[in-house]
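First to last, the protein sequences are chains Z and S.
Numbering of the first sequence is given in the working numbering, commencing with residue 1 and proceeding in unit increments.
Numbering of the second sequence is given in the working numbering, commencing with residue 1001 and proceeding in unit increments.
Source of the hints: derived by calculation from the structure; they are not laboratory data.
Don't take each hint at face value.
[As the list claims (entries may be wrong)] Pair ranges (Cβ atoms, derived):
1) S/1769 / Z/153: 51 to 59 angstroms
2) Z/154 / S/1612: 50 to 58 angstroms
3) S/1751 / Z/159: 44 to 52 angstroms
4) S/1214 / Z/205: 51 to 59 angstroms
5) S/1226 / Z/39: 34 to 42 angstroms
6) Z/205 / S/1108: 44 to 52 angstroms
7) Z/26 / S/1014: 56 to 64 angstroms
8) S/1159 / Z/137: 46 to 54 angstroms
[Claimed, not checked] With a Cα cut of at most 25 angstroms, we get these calculated SDA-like pairs of lysine to any residue:
9) S/1359 / Z/43
10) S/1359 / Z/76
11) S/1359 / Z/40
12) S/1359 / Z/57
13) S/1359 / Z/64
14) S/1359 / Z/65
15) Z/107 / S/1125
16) S/1452 / Z/114
17) S/1452 / Z/174
18) S/1359 / Z/38
19) S/1452 / Z/108
20) S/1452 / Z/112
21) S/1359 / Z/68
22) S/1359 / Z/67
23) Z/107 / S/1457
24) S/1452 / Z/74
25) S/1359 / Z/117
26) S/1359 / Z/106
27) Z/107 / S/1452
28) S/1452 / Z/40
29) Z/107 / S/1359
30) S/1359 / Z/59
31) S/1452 / Z/68
32) S/1319 / S/1014
33) S/1359 / Z/42
34) S/1452 / Z/173
35) S/1452 / Z/116
36) S/1452 / Z/43
Backbone N, C-alpha and C define an ideal beta-carbon position, used for all residues, glycine too.
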Amino acid sequence: MLTGARIGVVTFPGTLDDRDAARAVRLAGGEAVALWHADADLHAVDAVVLPGGFSYGDYLRAGAISRFAPVMGSIVDAANGGMPVLGICNGFQVLTEAHLLPGSMIKNDHLHFVCREQVLSVENVDTAWTRLYSVGERITVPLKNQDGQYVADEHTLDELEGEGRVVVRYRDWNPNGSRRDIAGITNAAGNVVGLMPHPEHAVEVGFGPDGPRGPRTGTDGLRFFASVIGSLVG
Amino acid sequence: MTTSPTTPSPETVSFDTVANAEATPDQEMPYAELGLKPEEYQQIHDLLGRRPTAAELAMYSVMWSEHCSYKSSKVHLSTFGDKTTPAMKEHLLVGIGENAGVVDIGDGWAVTFKVESHNHPSFVEPYQGAATGVGGIVRDIISMGARPVAVMDQLRFGAIDHPDTARVVHGVVAGVGGYGNCLGLPNIGGEVVFDPSYQGNPLVNALCVGVLRHEDIHLANASGVGNKVVLFGARTGGDGIGGASILASETFDDTKPSKRPSVQVGDPFMEKVLIECCLELFAAHVVEGIQDLGAAGISCATSELASNGDGGMYVELDKVLLRDPSLTPGEILMSESQERMMAVVTPAKLDEFLAITRKWDVETAVIGEVTDTGRLVIDHHGVKIVDVLPRTVAHEGPVYHRPYARPAWQDGLNAATLSGPDADPQHVRPSTPEELRATLLRLLGSPNLSSKAWVTNQYDRFVQGNTSLAQPDDGGVIRVDETTGLGVALSTDANGRWTKLDPYAGAQLALAEAYRNVATTGARPLAVTDCLNFGSPEDPDSMWQLVQAIEGLADACQTLGVPVTGGNVSLYNGTGEPGQIDSSIHPTPVVGVLGVIDDVTRATPSGWTVPGLSIYLLGTTRGELDGSAWADVVHSHLGGLPPRVDLAAERTLAEILINAARDHLVDAAHDLSEGGLAQALVESCLRFGVGARVSLDAVCARDGVSAFEALFSESTGRVLVAVPRSEEVRFVDLCTARGYPALRIGVTDDVCQPGAGVAGAPDEDHEHEPALEVQGLFTVPLAEARTVFDATLPSHFG
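One chain only, chain Z, in its complex shape:
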């Protein structure tokens, strides 16, 4: 097993999936390091996960308050220096608010919170977080959000498509009205990735979505974490 990669998992007030993300890091063979929103010190981590939840209750706008947390200043600097950063759900929203990724998330088109096992296609396998997938591979990962509709202006969307920066796309059903079925994107350098679906909920047999081996056997999300650990150690 690969060891030695230290992956920071940030907790903001209202973060919900931090313990899940830390478990995913451990199951992928890495060391999870808890990072606190009010502490700008990144504790020498090699990569960072911004987990899902309702940081600051999504008040004002999802992610809008968290982006001002002391830890975010350090993360933005590190990300610009090439450190791998993964934002999941609320973490993706924080990354767009911090301008590490373009676009924004608004309320789902059907106006309800949605929780489902979502089929995705992986479209970019050159990012730090997706190199263990194959292009076009279909994976199933839980999705759960209230404000998950990805929007950006047409120029930005064309640019994302043209540069191959759409990382994963919704398949079978677009669960929130996201433009061009976009479920996740990356920055130009490929080190910063934002996803609305939750790969950390599909990492362990018995507790994930239903899979080909039976109920709750889906572990399609694990390779997001194994990818980054592989790239750091390898």
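Chain Z is fixed; fit chain S onto it per the hints.
For chain S alone, coordinates are given in the frame of chain Z:
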């Protein structure tokens, strides 16, 4: 001072004091507006030896309310304790009377769980009523020292097509989701029921389960003279004040606003922060006693902490942090602002305590301390406004022996049976294959049997990463210990229609089903929580239903060996004139059962995943159709008697299911309940999209029932299981050894046979698609069943 309106001089303090109460013994107090009866007010007067101050009256009025004092149900609720034997207490670490019961599940782990109602607020303001219902039960669990790990909700609404139902459904579902999702608690199951009896009286019950180590148990008591009383969390505001205006009477000032909202407003973000903050406080061992603030707010927390402790308490009310500075002392005491906790902390640990609340940005105020006076004394701006014996507020309220009697209409209701030789022939039964097939589909698409995915897909079931089973499986299963896989299963049930027919049996049937559901997942049932939703205790009919249900439940708990650990009573759920058959809601005793399972990865799902498994029906089918889904959906009929209760059989069945799960003998198991065998078969097929081919012949021959009865009877003690061929001998031996009826009725299959002359058989183009095939009668392709099953709720609430 006289009782006529007077204007105090500006120099006078603007609130009522103990000194003022002593000086103005004849001052009339607005006790009736606060819901107190004249004799209750007299009792307060006698306890104090003077008239109460406005603040004292506020405290007594909320603490002596039905909701807080259980004054009508107390004498009957003691039955639960009386019938709990020492053997039943084997796994009980904390029993009835605390914020929630605590059960030992082994390896040093404990779980705490409770179900509570938030019915009336949820009708007035569905979103906030439901949201704060979740918030309240979660704080009960935190205050035991536990990390909350899952929630379930039991929702009952009026008729699905009534013009007001959509308003309540949308608000309640969004409220449960909006609050629970934001707390990071998986919602693992619950109930959604539509029935006209809940029109104007929806039931919103919420259950929370938490996990802790044995040594982490915290209790609500204030001990140790000099220890600090600390209020932390959200600020106190003017929301949730018991519907009345003590304000005007208290200040004698007509110019101030006198109406405060009686429904609380929730802030789930604050509650999430409070959960993590409390867990860090517990881990740092800086909390001596703790109580959440729910109904009756500071009145409840101070009086209960002091009453449970060994001394008294002194509080400076002006230290309470306020959202609204215009609140009067009485309002501060009565406010039910959410997301607040009260802790007792030693002076030596106070700094550490405050450092942790500061880390989480949780506002905290030291508002008093534990004393040795034995009294609860509250000052406001240096003037004494409350001086009472805390137990008279918290625990020694009025107790009523309400009259109760079997309702005059009960015999007529029980006589109107659809079963047996007395059945009214005008309630036609389906008999041809076409009619049976149509009946199955009609029931499948009826509001109470149709898919609840529209509701449950609005709740997060994945968060925390420990959910092994969730709806639509029979019970929710949550992992507790990540290294061993030790976990718990939970299920709740209530059938208001059956309980209306026979409240004693109805409560037992609710327990039996929840117990069976837990065992169906493979878990061993350990303990019970209940939420008793009934009509007015002042109506002898409703009171009789309540008394019968409590006795039935207590007796059944004793027979099954599972103790009631806590719960809640919700009365006054009715708007009709007393004495009528439709005065109140169907009596609805929601019973939750908690079980333990050694390894959650062995939990049994409710559907089959592969073809080629043998399908067994466990239990006996009788022609029991009274109160059934068929009677309701097809004939809008309620009468007769509910299905027979056989607790000994339930216990044997549970042993079989638990052993079968442990030894990997079954791949799937699903309990038969509303809609009978037909509904259970369809649900087990639809769970993973694998069909089945069954024959009813053996059931009909053995049990002497018709095909219609075999399909739609709701006899209890029955479960469907899917057994791999390799395990059939062992499984059958397991049942035979215990003398439990087990009949092989068919096999699972992912393609259906070309049908020869049966209703609904697929044409050649579709014969390779999965279906439920009832041999010699009819075939239902799963795609058709899925469409019917999924359409109902979205078509009403989309």
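Against the structure, the hints come out as follows:
Distance hint check: the CB atoms of residue 1769 of chain S and residue 153 of chain Z are about 45 angstroms apart, inconsistent with the given range 51 to 59 angstroms. The hint said 50 to 58 angstroms for the Cβ distance between residue 154 of chain Z and residue 1612 of chain S, and at roughly 53 angstroms that hint holds. Evaluation of the 44 to 52 angstroms hint for residue 1751 of chain S and residue 159 of chain Z yields a pass: the beta carbon distance comes to about 48 angstroms. Checked against the hint of 51 to 59 angstroms, the C-beta distance between residue 1214 of chain S and residue 205 of chain Z comes to roughly 30 angstroms, which is inconsistent with it.
Residue 1226 of chain S and residue 39 of chain Z have their C-beta atoms about 35 angstroms apart, which keeps the hinted 34 to 42 angstroms range intact. Judged by the Cβ atoms, the range 44 to 52 angstroms given for residue 205 of chain Z and residue 1108 of chain S is violated: they are separated by roughly 26 angstroms. For residue 26 of chain Z and residue 1014 of chain S, the Cβ-Cβ distance of about 60 angstroms falls inside the hinted range of 56 to 64 angstroms, so the restraint holds. Distance hint check for residue 1159 of chain S and residue 137 of chain Z: the Cβ-Cβ separation is about 48 angstroms, which falls inside the suggested range of 46 to 54 angstroms.
Between residue 1359 of chain S and residue 43 of chain Z the CA atoms are separated by roughly 19 angstroms; this keeps the pair inside 25 angstroms, and the hint holds. Only pairs whose Cα atoms come within 25 angstroms are accepted, and residue 1359 of chain S paired with residue 76 of chain Z is accepted, the gap being roughly 24 angstroms. Taken as a hint, the residue 1359 of chain S and residue 40 of chain Z pair is honoured in the structure, with Cα atoms around 15 angstroms apart against an allowance of 25 angstroms. With a C-alpha separation of about 17 angstroms, the suggested pair residue 1359 of chain S and residue 57 of chain Z falls inside the 25 angstroms cut-off, and the hint holds.
Simply put, residue 1359 of chain S and residue 64 of chain Z have alpha-carbon atoms about 21 angstroms apart, close enough for the 25 angstroms limit, and the pair holds. Distance hint between residue 1359 of chain S and residue 65 of chain Z is fulfilled; the C-alpha atoms sit about 17 angstroms from each other, no more than 25 angstroms. With a CA separation close to 23 angstroms, the supplied pair residue 107 of chain Z and residue 1125 of chain S stays within the 25 angstroms bound. As the CA atoms of residue 1452 of chain S and residue 114 of chain Z are separated by approximately 14 angstroms, the hinted pair is consistent with the 25 angstroms bound.
Taking the CA atoms of residue 1452 of chain S and residue 174 of chain Z, the gap is about 21 angstroms. The hint holds against a cut of 25 angstroms. At roughly 9 angstroms between alpha-carbon atoms, residue 1359 of chain S and residue 38 of chain Z fall within 25 angstroms of each other, so this suggested pair holds. Only pairs whose Cα atoms come within 25 angstroms are accepted, and residue 1452 of chain S paired with residue 108 of chain Z is accepted, the gap being roughly 20 angstroms. Distance hint between residue 1452 of chain S and residue 112 of chain Z is fulfilled; the C-alpha atoms sit about 15 angstroms from each other, no more than 25 angstroms.
About 17 angstroms separates the Cα atoms of residue 1359 of chain S and residue 68 of chain Z, which keeps this hinted pair within 25 angstroms; it holds. For the hint linking residue 1359 of chain S to residue 67 of chain Z, the alpha-carbon distance of about 19 angstroms falls within 25 angstroms, and the restraint holds. A C-alpha spacing of about 16 angstroms is found between residue 107 of chain Z and residue 1457 of chain S, which places the hinted pair at or below 25 angstroms, so the restraint holds. Between residue 1452 of chain S and residue 74 of chain Z, the direct Cα distance comes to roughly 45 angstroms. Violation of the 25 angstroms bound is thereby established for this hinted pair.
The hinted pair formed by residue 1359 of chain S and residue 117 of chain Z fails the criterion: a straight-line CA distance of about 36 angstroms is larger than 25 angstroms. A threshold of 25 angstroms between alpha carbons decides the hint, and for residue 1359 of chain S with residue 106 of chain Z the separation of about 31 angstroms lies outside it, so the pair is violated. For the proposed pair residue 107 of chain Z and residue 1452 of chain S, the alpha carbon gap of about 23 angstroms is at most 25 angstroms, so the pair holds. Straight-line distance between C-alpha atoms of residue 1452 of chain S and residue 40 of chain Z comes to about 45 angstroms, which puts the hinted pair past the 25 angstroms bound.
As the CA atoms of residue 107 of chain Z and residue 1359 of chain S are separated by approximately 31 angstroms, the hinted pair breaks the 25 angstroms bound. Our distance criterion of 25 angstroms between C-alpha atoms is met by residue 1359 of chain S and residue 59 of chain Z, whose separation comes to about 20 angstroms. Straight-line distance between C-alpha atoms of residue 1452 of chain S and residue 68 of chain Z comes to about 40 angstroms, which puts the hinted pair past the 25 angstroms bound. For the proposed pair residue 1319 of chain S and residue 1014 of chain S, the alpha carbon gap of about 17 angstroms is at most 25 angstroms, so the pair holds.
The straight-line distance between the Cα atoms of residue 1359 of chain S and residue 42 of chain Z is roughly 18 angstroms, inside the 25 angstroms bound, and the hint therefore holds. Pair hint residue 1452 of chain S plus residue 173 of chain Z holds up; C-alpha atoms about 20 angstroms apart against a cutoff of 25 angstroms. Straight-line distance between C-alpha atoms of residue 1452 of chain S and residue 116 of chain Z comes to about 14 angstroms, which keeps the hinted pair within the 25 angstroms bound. A C-alpha spacing of about 46 angstroms is found between residue 1452 of chain S and residue 43 of chain Z, which places the hinted pair above 25 angstroms, so the restraint is violated.
Checked against the numbered hints above, the structure breaks hints 1, 4, 6, 24, 25, 26, 28, 29, 31 and 36 and satisfies the rest.
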